[in-house]
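Asks: Spelled out, the chains give:
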Amino acid sequence: MREQIEGSQAVARTVARCRPEVIAAYPISPQTHIVEGLSDLVRTGELDRCEYLMVESEFGALSACIGASAAGARTYTATSSQGLLFMAEALFNASGLGLPIVMTVANRAIGAPINIWNDHSDAMAMRDSGWIQLYAESNQEAADLHVQAFRLAERLSVPVMVCMDGFILTHAFEPVDLPSQEQVDDYLPAFTPQQALDPDDPVTIGAMVGPEAFTEVKYLMHAKQVQALDEIPRLADAFAEQFGRASGGLVRGYRTEDAETVVVGLGSMRGTLEVVIDALRDRGERVGVLGITCFRPWPKDEVREALRNARRVVVVEKAFAVGAGGIVGQNVRLALQGLPVEVYDVVAGLGGRPVTVASIGGLLDDVLAERLDPLRLHFLGLDAGLVERELLRSRGVDRPGPHAEHMLRDLGTVASRPV
Amino acid sequence: MFSVRIHGRGGQGAVTAAEMLSVAAFREGRHAQAFPTFGSERTGAPVVSFCRMDDSPIRLREPITEPDAVIVQDPTLLHQVDVFGGLRPDGHVLLNTSRSAAELGLDDLLAVLGADRLVSVPATDLAREHLGRPLPNAALLGGFAALTGQVSLESVLAAIRARFHGPTGEGNAAAAAATYAMVAEQRRSRADA
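These protein sequence lines map, in sequence, to chains B and G.
Per the numbering used here, the very first residue in the first sequence carries number 12; after that it's consecutive.
Per the numbering used here, the very first residue in the second sequence carries number 1316; after that it's consecutive.
Note that these hints are calculated values from the structure, not bench results.
Heads up, the beta-carbon is just placed ideally off N, CA and C, and yes, glycines get one too.
Treat each hint with caution, since some may be false.
Counterexamples of contact, computed for chain G against chain B with all Cβ distances above 10 angstroms [stated by the list, open to error]: (1) E1334; (2) V1338; (3) A1349; (4) F1350; (5) P1351; (6) L1375; (7) E1377; (8) S1415.
For each label pair, taking beta carbons as the anchor points, the in silico distance ranges come out as [claimed, not checked]: (9) G:E1343 to B:Q206: 20 to 30 angstroms; (10) G:T1358 to B:E227: 31 to 41 angstroms; (11) G:T1358 to B:S68: 22 to 32 angstroms; (12) G:E1343 to B:S191: 35 to 45 angstroms; (13) B:I216 to G:T1358: 42 to 52 angstroms.
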């Protein structure tokens, strides 16, 4: 049923309809509303046959999930930011053991400096932890991706992260067609674990593996992720057929057919990109958008196919590899190897800075007028004056002190500024 | 697209107001989106929330910088925050105060908008009377309905009752209805004059 609902509540109610048997979580903004919602559904009995574990930390949360999943339970958790990093060791264990845990990551920046706002630094830092990563464009897609994620995880015995932009999606009220219990039951079969700890039929899970087989175990992990590239479109097609709407898949193009310039983006910025592209199309520019829904595994062939006729590709991403450059950008370059395409790396929306029609519009004007150097890493809307003043201030001083605090002092109070 | 920005202080329910407004618009078959400014808000600190309404799906997610309407839940914010920043010249303003725009020194804004679109209403007093608590957020939504016609009072009341149950819902609904009546009466008497 279509409802006007907060993103977090939509996810909580959809996850509940996936009938998880164990949820272990620790609160952290902006994820908290999701697990609060689920704990309410467990408390009231609306979600029955589910054990909700309030643990002492994110490390404890994912560790409990690993135990529960290894015991054969459908298992779910959610986190954000530093919470995801605190899970880091357990993330690799979950994927290495092939446990089909589903986790929501309400994307948020990583400190220091401490910042509770949205970007993709958290999920991107864990991009190579062996989890499948799906990025939602809207709250509808966030809800739908969870239904697909459980089926995908359990089919391949691989853990799946559903990433949704913190605050921008989690705290937004918008219409969501919530999947009904009957629809979810039809789509998502009961969990049959591929491995389970069972006292009546004992097995070892998590034995030490030496050089004689470690490479082969890791190779299988990789092969399974690559297999997901076939599975994900199939699951999205089956979803569309049953639910009557398109959600998920690997990549989604918007007005890319004859586009010479294509903007690539992940998550909730895709709507903004489309609005800008529509305006540019009205001006006669041949431009389009390629949304990346699945970032891990990396759909290299699909990205190459979607961008093969473009002359310029502008990758706008909410994280970057410090000292190296764009993360999604590097992956896009890999996909476009050998093609005569210029790739621009643009970092935007860090730590909650809004990605706006004006800022993306200005960026594309610069790209179309060839005012942007494709060899450099660009920071959208960078306050260069603030950076220069700080560099000037700290020059030639023995102990210039912390940059962040000095830059804040330079800006003065921002709380009372207009938005 | 009709864009609303709500300015309040932490604890006054600015975020809940935007959410209820989006529910009211949704009930009328429109597309609506509500979201807060994101941060570690504290009681009493300036807070901003947003609501967009449209007849087609809403793809934008950026903060509203050029609102069609501004609701100010606390008049003391006028001295602290640029609450009217980016307001469209054909926009609407609803102030929670018993004082007139002229008394608040808003003559310049009054000259642009006219008394019909710059309206004061004592929503905190009405909330105290009907709800028993000085929380103006729901009450102001009634005033918004009367001021802009973007949503009906009926939808506002339904959204309030969906959010708050029992006496709290009824008190807030009564305050919203009273605010609606007061703003509608102000506009009627000006039209007659």
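Asks: Now tell me if each hint is right for this structure.
Replies: The hints, checked one at a time:
no. : hint                                  : in the structure
1   : E1334                                 : 5 angstroms, violated
2   : V1338                                 : 5 angstroms, violated
3   : A1349                                 : 4 angstroms, violated
4   : F1350                                 : 4 angstroms, violated
5   : P1351                                 : 6 angstroms, violated
6   : L1375                                 : 6 angstroms, violated
7   : E1377                                 : 4 angstroms, violated
8   : S1415                                 : 24 angstroms, holds
9   : G:E1343 to B:Q206: 20 to 30 angstroms : 52 angstroms, violated
10  : G:T1358 to B:E227: 31 to 41 angstroms : 58 angstroms, violated
11  : G:T1358 to B:S68: 22 to 32 angstroms  : 28 angstroms, holds
12  : G:E1343 to B:S191: 35 to 45 angstroms : 24 angstroms, violated
13  : B:I216 to G:T1358: 42 to 52 angstroms : 49 angstroms, holds
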